[in-house]
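Enquirer: Sequence:
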Amino acid sequence: MFFTIRVIALLSLLATRVSTSVVEPFGVEHLENRADVPDNFRSPPYYPTPKGGWVPAWEEAYAKAHAVVSKMTLAEKVNLTTGTGFLMGPCVGQTGSAPRFGIPRLCLQDGPLGLRNTDHNTAFPAGISVGATFDKKLMYDRGRAMGEEFRGKGVNIHLGPSVGPLGRKPRAGRNWEGFGSDPSLQAVGAAETIKGVQSTGVIATVKHLVGNEQEMYRMTNVVQRAYSANIDDRTLHELYLWPFAEAVKAGVGAVMMAYNDVNGSASSQNSKLISGILKDELGFQGFVMTDWYAHLSGVASALAGLDMSMPGDGSIPLTGSTYWGGELSSSILNGSLPLERLNDMVTRIVAPWFKFGQDKDFPLPNFSAYTQNAEGLLYPGALFSPRGIVNRFVNVQGDHHKLARVIARESITLLKNDDDLLPLGRNWTLKVFGTDAGTNPKGINSCTDKGCNKGVLTMGWGSGSANLPYLVTPEDAIRNISKNAEFHITDRFPRNVEAGPDDVAIVFVNADSGENYISVEGNPGDRTKAELKLWHDGDELIEAAANKFSNVVVVVHTVGPITMERWINLPSVKSVLFAHLPGQEAGNSVTDILFGDFSPCGHLPYTIPKAESDYPDSVSLINQPFGQIQDTFSEGLFVDYRHFQKANITPRYHFGYGLSYTTFNFTEPAMNTVTPLSEYPPTRKPKGKAPSYPNDIPPGSEVAWPKNFNRIWRYIYPYLDDPSAIKPKPGYPYPDGYSTEPKPDPRAGGAEGGNPALWDVAFTVSIKVTNTGKKAGRAVAQLYVELPTDSAYPTPKLQLRQFEKTATLEPGQSEVLKMEITRKDVSIWDTVKQDWKAPGAGKGLKFWVGESVGDLKAVCEAGESCKLSG
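Going by mature numbering (1 follows the signal peptide of the UniProt record, and there is no 0), the letters in the sequence shown line up with residues -20 to -1, 1 to 850, in that order.
These are computed hints drawn from the structure, not numbers from a lab.
Possibly wrong hints are sitting among the right ones.
Subject to a maximum C-alpha distance of 16 Å in a straight line, what follows is the list of computed EDC-like cross-link-like pairs (lysine to aspartate or glutamate) [claimed, not checked]:
#, residue 1, residue 2
1, K513, D594
2, K748, D701
3, K590, E659
4, K687, D676
5, K626, E615
6, K513, D471
7, K826, D770
8, K755, E790
9, K823, D835
10, K813, E659
Listed next, with one range per pair, are the computed distances between beta-carbon atoms [stated by the list, open to error]:
#, residue 1, residue 2, range
11, A43, P421, 32 to 42 Å
12, V796, N460, 54 to 64 Å
13, K669, S77, 41 to 51 Å
14, R406, P656, 50 to 60 Å
15, I602, P36, 26 to 36 Å
Ideal Cβ placement from N, Cα and C applies to all residues, glycine included.
Let's have the full structure, built from the sequences with the hints guiding it.
Expert: So this is what it looks like as structure tokens:
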């Protein structure tokens, strides 16, 4: 079954928690502070966690939730906060239910590119491909299509999109699940995806908050505690929190915490991160969940602001143990957890259920994530489980294959095209090389969670993968077009290949990565062994083809940056396409470009270096098998292109780079001031009123086992054997800094995402784009902000803040693209005032517009005119 590898990994890694844990009565566990965390990176306490429901947009949903939660028993409340246990239902995670109020077990299911481990679903292009489109509409449309499919399968909570990792470490395993190595690109991708998903009534989950920038050592286990991502306050706000803030502003219903520590405090119980930043400063109104098995304590995590435990198990999977469930019931009865915290937890879960209309005709799960058979175990993790219908094989694909193909095609990035070799003629003689052009000979879904690299690389591996309903390989698609193509689906260049003077060799190569519960070819999620090289000796294959043929096209399917210096300047290597991770329409999308049915219009969502040593040392993978790793983000704001500009290093290809079969002129730049800026935003409004409940401890009978109840062993329940024996106990050892006195409203807060004035449009910049070539095509205008120089606030020279994409322009046709710049776009985080500051109140700002960060066509200066910069 698909979950075998993950169960083995979990049982080996999570058999117990680290020996530094101190276990307290009633299932409460405190992780002691680590002395090796640098003093200036320690996460301070922040209590109590703010209640939800004070934002006007959520008032109606919270009113409905309050009416229901007010009538719930303790058992019903605990049931909704705690997962039922790994393999204890059809989905990768599910909560308990409250059937008296029509609330079923809520189904949570991966993943960011489509439904994981199901049937009759669409395997969309991965997030990194979507980022490469630089197309906001496609980002939204993909989100909506995924929402339709998740709803059709009965999934309440979609576990995506992913914006953490940001892509700080180029070899990190899961960068491909997000949209690129820039916070603004990630933010737009996340916000549009969330809007699309939630427009269908499915709750989206933005993840992983925060600092999950490598796979190795991210999880606490028997030999070491998870690494600590040590991030300074300004870097946290301006880079890593930026897309999460935009996700909250977009109204996201759920946030998933990371496995790793942040500044010495485990993410799932980091009160500063959850309560201080996410819920108070950013005004998040939904619920906060753990990643699977990232739950480390009972009362402490609840006090810190955690709302939902997933999948519900405690430190030892598949035993029925839990930090919450019955332990949470005990904590309420003994007075160690205030009832008002549990009430807020439940209200935060029920409110999104109402807000997105799941109380009205929302389907129940009709699939199993654990078997493709129609009948099977209802609780696969139980020692003895009843059987029944587990799969109804509901086809949710609709016509989404069309959208999948468009996204994959629009993402394809042309990096080189000497002598205009591309597009290919349909009658040309072609020789195709590489297993990446073919299929997995054992079957397209034969590897658990795509945990292998065989055939064309459609996605990385891990929980962010999905089953392919079908696969159109490059070989299939080329055969459908060309009658003069010869195929060598091998990674060893054949000796007997003949090369005519006009023959074109097309070499398909790839680079893979994924999640660290699976190792592929010696790579434990992160690209440890492969580094930034092509897999399967792809560099040698390209060189061999280039030695034999005069015309070579290289097609790369990749999770992220690779080094290409061995072959990029070879005279025979005329054309290079990055096809990223295209999903099920891999072949059709690439032939759409290769044969010129469409002009390429993708742009790089990351920088491609000349050598891995061009990156700062601090972004290297850390391999330290014992003791807690201190991963200090010493490069600060200077990641990806920001670093290359600061270090004055010319990359192989700049962030945002991408060629076309046609050419474009950028003319008539113009700028308008919309909202005059002050140095700091106007004072925020006070919070609105949040729902309140009586705080009397309920009678223990509310969590007594119902009579004649048929228990499923290993299933996690809220009930207790003798609840009447549990009495309030004084002297509970609360975490350091714990208080029940609410904190003053953060000056940077005030609404979802922060102070609403941060999204006031300060400037608009427009530019005219004209197709000056001979073919139809689309262009992307990227806007980079240059802030006034201030030695007190070292800032990257250029930062992407907006982008727009033209419609398809015929030769000679023009379109004016308009981009809005907000107050936040031109602000930095003031660590002293804890607020966003517009340096010089906007004076001295420059806005650069171009086709990449290395190809800027025009510049506008605040208070001055615009001019072309070429």
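Enquirer: Under the constraints set out in the numbered hints, which ones does this structure not fulfil?
Expert: Numbers 2, 3, 4, 9, 11, 12, 13, 15 - these are the hints that the structure violates, sorted from lowest upward.
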